[in-house]
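Peer 1: Using the sequences and the accompanying hints, generate a full structural model.
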Amino acid sequence: DVKVTQSSRYLVKRTGEKVFLECVQDMDHENMFWYRQDPGLGLRLIYFSYDVKMKEKGDIPEGYSVSREKKERFSLILESASTNQTSMYLCASSQSSYEQYFGPGTRLTVT
Amino acid sequence: DQQVKQNSPSLSVQEGRISILNCDYTNSMFDYFLWYKKYPAEGPTFLISISSIKDKNEDGRFTVFLNKSAKHLSLHIVPSQPGDSAVYFCAASTIQGAQKLVFGQGTRLTINP
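Residue numbers (our numbering), protein chains in the order written: chain A, 1 to 111; chain B, 1 to 113.
Each hint should be verified, as a subset may be incorrect.
[As the list claims (entries may be wrong)] 25 Å max Cα-Cα, derived SDA-like pairs, lysine to any residue: (1) 5(B) <-> 62(A); (2) 71(A) <-> 95(B); (3) 53(A) <-> 12(A); (4) 13(A) <-> 60(A); (5) 100(B) <-> 50(A); (6) 5(B) <-> 71(A).
Hints are computed from structural coordinates only; laboratory data are not their basis.
A quick note: this is a predicted structure, and the numbers were derived from the prediction, not measured.
Peer 2: Right, dumping it as structure tokens:
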């Protein structure tokens, strides 16, 4: 079974803090993705990566950056957290198929 | 612009009846479609998919129908069970999109006993 884990289920941060969200997958997948889920907006792609040290912007990359130093790990970084980044963050991975496997999500609250 | 749209935010169905969830898309380049199911406090899980070369795909109680001319797909669940209560997302992709998925807004399905 594919397992995608995320470092925290719930996180509360203050405005202006730097925030790191970690994601690890155990199936040697090439592709990894970060989404945010907001009511009425569905899942929106922030960044994705096809390989180690490679990254591409998704639909809403502003205010975020990513890091992929190892194949199994994909980190999402909020350089200076703002209240409009309060959301559910979901990490996913995939190999050669369209099917993506998701982690449980991190609910981030920025106050 | 929302390329994949689920216009019904919620749907309530009696247990044992058929649930029909709808999804519309605008990008004619989409060639693969998926449905995901999401319970609260969990990540989405893959349910069923369909390629654009087909118009129907069935897996147990779940059937997905694709109408390319109308740019419309639907998920049928029959019979509906209480465990089907969840948020359902449709998603679409293109070969050029290299496995990126574009998701709809989601529909919350509630199955009433």
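Peer 1: Hint by hint, work out which the structure violates, then give me just those numbers in ascending order.
Peer 2: Violated: hints 3, 6.
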